[in-house]
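Chemist: Residue numbers (the numbering used here), protein chains in the order written: chain A, 1 to 640; chain B, 1 to 397; chain C, 1 to 173.
Source of the hints: derived by calculation from the structure; they are not laboratory data. Don't take every hint at face value.
Reference excerpt, derived from the structure (chain B facing chain A, CB under 7 Å, subset only) [as the list claims (entries may be wrong)]:
hint : residue
1    : A46
2    : Q151
3    : C324
4    : R328
5    : E329
6    : K333
Treat the numbers as computed from the prediction; the structure is a model and nothing was measured. In this text, a Cβ means the ideal position worked out from N, Cα and C, and glycines have one as well.
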Amino acid sequence: MANLNEDVSRAPKSMRAQTITGITDTTDIGATVRVEIDGKELKVPIGTTILEAARSIGVRIPTLCYHEDLCIAGVCRICVVEVEGQRTLQASCAYPITSPIKVKTYSSKVRKARRHILDLLLSKHYGECYSCFRNNNCELQSLAKEYGVDQFRFGHPEKPLHEVDASSYSVIRDMNKCILCRRCVRTCIDVQEVGVLEAVGRSDKTKIETFASKPLSEVICINCGQCINRCPTGALRANDPTDDVWAAIDNPAKHVVIQTAPAPRAGIGECFGLEPGRALTFEMNTALRRCGFDKVFDTNFTADLTIIEEGTELILRLYKALVKKDTSIALPQFTSCSPGWIKYIEHFYPEMLKHVSSAKSPQQMFGAVIKTYYAKKNNIDPKDIVTVALMPCSAKKFECNRPEMCDSGFKDIDYGLTTRELAQMISEAGIDLPNLEKSDFDDPFGTATGSGVIFAATGGVMEAAIRTVVELVCGIKVENLFDHADVIPVRGFEGVRYAELPIKQVGPVPDILKHLVPNWDWLKGATLKVGVCHGTANAKKVLDDIKAGGKFSECHFIEFMACPGGCLGGGGQPIPTNPEIRKKRAKAIYGEDAHYEIRKSHENPAVLELYSQFLTDGPCGHLSHKLLHTDYTPRGKYIA
Amino acid sequence: MITSKCSKLTFSEIKTGSGLQAALKNKPAEVISILADSGMKGRGGAGFPTSTKWRFAAAAKGEEKFVVCNADEGEPGTFKDRVLLCDFADLVFEGMTIGAYAIGAKTGIIYLRGEYTYLVNQLESVLAKRRQANLLGNKICGKEGFDFDIQIRMGSGAYVCGEETALIESLEGQRGEPRNRPPFPVDTGFMGRPTIVNNVETLAWVTAILAKGAAWFKSVGTEKSTGLKLFSVSGDCAEPGVYEFPMGITIAQLLKEVKGEGAKAVQVGGASGHCVAAKDFKRALAFEDVATGGSIIIFGPNRDMLHVAKNFMEFFVEESCGQCTPCREGNHKILEGIEKLEAGTCSMAYLDELCKLGETMQLASKCGLGQSSANAFLSIVANFKDEILGRTEKVAV
Amino acid sequence: MLITEREKMVEDINTWAEQYGRNRSALMPILQEVQKKYYRISDYAMQEIADLLGIHPVEVYGVVSFYSFLDDKPKGKFIIRLCQTISCDMVGKDRVARQLENDLGVGFGQTTADGIFTLEWANCLGMCDQGPAMLVNDQVFTRLTPAKVNEIIDGCRRALSHYATQRKEVHAL
Ligand SMILES: Cc1cc2nc3c(=O)[nH]c(=O)nc-3n(C[C@H](O)[C@H](O)[C@H](O)COP(=O)(O)O)c2cc1C
Ligand code: SF4
Ligand code: FES
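Could you build the full structure based on these sequences and the hints that come with them?
Modeler: Structure follows, in structure tokens:
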């Protein structure tokens, strides 16, 4: 699949050229070049940028428009350095070293220029740090501190220059704080291939805008929030419902239930100054109770439920297509748990919606179960229940506000909180999260499996599905095929992945599925083909491949995640993000998985109990269809 | 209708086809050597040796190479390229063809500014004639394997697209925002392929050099700035128009020729050039002294230099592409400063701060626009401080 | 826009895409054609073009908004662009400007109520030796005086009533 992982970004060639390095002559590959930075000599591979070379020896050069995930822009100019023999200063982020050079990174010319650039940015940056959600986590603010900005030499706006666009359920744009680094543009166009944001206008009228300058809610935004994660300032933020959540908590008549998704626990520590990669699952439970939530549940429970529903749906599709020869069945089946991905396909490939599993996302399944089964069981009037979802995601905010997400008879999920917002609530409550005692989730939806946890990483849904399908179909332990049940072929961070799984033997049909298929004989000898991709630019590649009848058109099941890295890189996760941080979060996630006693969704006792007590007509049965499944809106990409 | 007053130009002596035929008698590398020998430097403003640019492009690897003629002439006070395209388009296209032969290109593009749309039909007919005469097309002049043709592409009103990498972005259907350099167009140009971008006048001279020889070209001008150059002269003089002078002519000599003596200052090189005050009129117009793309704007004794500076800064505030901070915000701040000066409310300390900002813009901007947009302001401040400080009322223009 | 007019435009855009190629480097020529024929590039046109070239509409919007001669908002049939740069400024562009405003009844940046004229500033038109200069659509007028302005405007009006509304005909002036 190497070709699908090729760079097809539409970034202007100049920017792209430098992500691939400045090498034009392939004989140079592997060659090194000598460079002297602030008097220190080193050798770097030809094409290394000055910035990379400097970082490799611990020399710090400030940056604003540079981001590890994105192609080079070289527009903010804060990273300028002096290169001996050059008339002008050079942007270190954009300068590939191809011949021996001497560089000074903090000469007086450089310091003066950087200070001027900061002064200029501040002269257009309206907003007070203490009323900004990025206070203490703002790249502009820290640079102002580093460079000793003690006055606004070229003035400072006294009133806002732009209206704030708060039309979206998910993302709020405040262009008063925008410094035009264009990271959001490169994110939206290159990484996500959505194309909502672009620089519009020219000169000092340049502004980051949507198509025809429409409000965000009226364009094709998929709410993934990746732009928020890469914004250096507070110009982009999520639509924050914490006030409403506090109000619900403070209202004694309300029973406030929170479910926590797996990715936030692997990230929230970063909001409290911890190194990425330390999971705070159980400390967070304690903190949530202290904040005043009445019940703390684990979204992993419905992740496991999703696997059963979605897995059953897949089996049914395969059965109908392969055995019943029903040509109306769409294969491969696509996963449906990433709401950013759902909105993406609704806009860009509405004709392929029939491929998407009708299973709701774990968040929404949870809401529907809480306001029905849980309410009844505990004798609580569902109208008095407030369901809050802690998610790594900004698109979940849009998802819970979809008009169709009211199958319990109420709004299934009332509020979606991001990891960042919960961290905010926790610190507001004066709680020192990292040092809190640990506590468990509440029953009955606190029982989860390792399969639910790995939903947070790209490939996780597929791995969970494979663990379950192998056991239910082949009748063997998945450990026989994969050591420790780690399905390595679907793990990793490559943008597009493909794996095959030969079904050499079949077992008996388990009770829970008996009413749907008579036996597994029709699968014997077949090869299960699966795909995984993350980031919607990669989703686009896979969808185009399917349309063109390529390799992925022969897949049976494909996992799509809107965000790079999957949920652990979600638009509601702590800022900053980069490949390194995402890797560490993934390590934390897989570490959690390994510690679970039960690691397969179909073995989750709480899920099994739900089927025996409530969803008695089984997976994909009548009630589950009403509560746990949904349909989609073909939106198209045209904007009226 | 729009003929400019014009001194007699050498170009009128050059016969169509003569330069190209002379070139084809040589190997491509030899053509470049002839140019190197002539000492020809780019006439678009930057003064980069044409032969070096071509040699890089000839050496660069690429399945396809391009020759681009930069006819985006937008520098305030420049109009010589228009005159050339009106009267000597043949020589310009011939220069492109010679370039194609030298670097091994099959496609040429002339990027014509939108303001010159009225020239398109005329240029198309010149191209058609050249095709008929086998000076374009396949097997040009019977030379096996030498195929080359030229298409016209239009700009749409953006000065910055004259910057060669912005021009390429525009050709690729992007916003006209200059690229990071390196890599340079000679190895990563249009569509990522080796590309030479040359000014209209440069290409016409290339034809002349091939037709008349490097020695002829070198015989005039200075050692570092060889040959002849066209000057677009406007402003306070009796005979504005296009003039051909040898490189190295002093400003005083030029003023005499165009009947503009008595000027208080001359803006050399357009809005992005320098404002030279009368005391410096003995300086020479050459790459090693006062460099210019050919724009000469003359200011008579009664002109308000602050007004001049303001007009230039207004130009840059509108024409900056807006991608990099120093230029996008800096131009604006300098313009605001000029407004303060006009109102008589600018302290010396703030003026100093603005001048330092101007220096930062020269050093830290991404492209030539921002690197030179403060030039006029800085040189006017340096030369006319007394005139611009301490204003009490609006001075008449 | 009427449906039929819209269909006509889509047809035109398709023709131009065939002519200039279905790739991004055909974007500028296509936009220039749309601008010339329809006096603006509507939201609808931008999306149509984006679709044909396989790029995002917002990218087309970014490009249209970058160039002074491309407009997403409707403009007049005659766009008058008066040069404001120094050489024209020094020979009296302000008085020409004043007269243009008087005779058209609109200020710079505005379009007359009848939708016939748009008045705009332009930067250096390359006529510095013969200023003040202005463009009326593609045609250039030099050595303007306040008195000449009215003649030119009348000429446009006559051209409009005598000939079809196509811009080409303006050259018959
Ligand atoms: C802002 C800016 C505008 C420019 N405009 C033009 C122009 O209109 N015509 C031109 O030939 N060169 C222009 N140049 C210079 C070109 O970038 C480039 O150097 C030139 O086309 C090279 O041609 P030459 O080597 O033949 O001079 C401009 C440069 C800058 C920075
Ligand atoms: S210097 Fe000005 S024109 Fe050049 S890239 Fe920067 S903003 Fe654009
Ligand atoms: S970080 Fe290098 S120019 Fe912005």
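Chemist: Return the numbers of the hints above that this structure violates; sort them in rising order.
Modeler: 1 and 2
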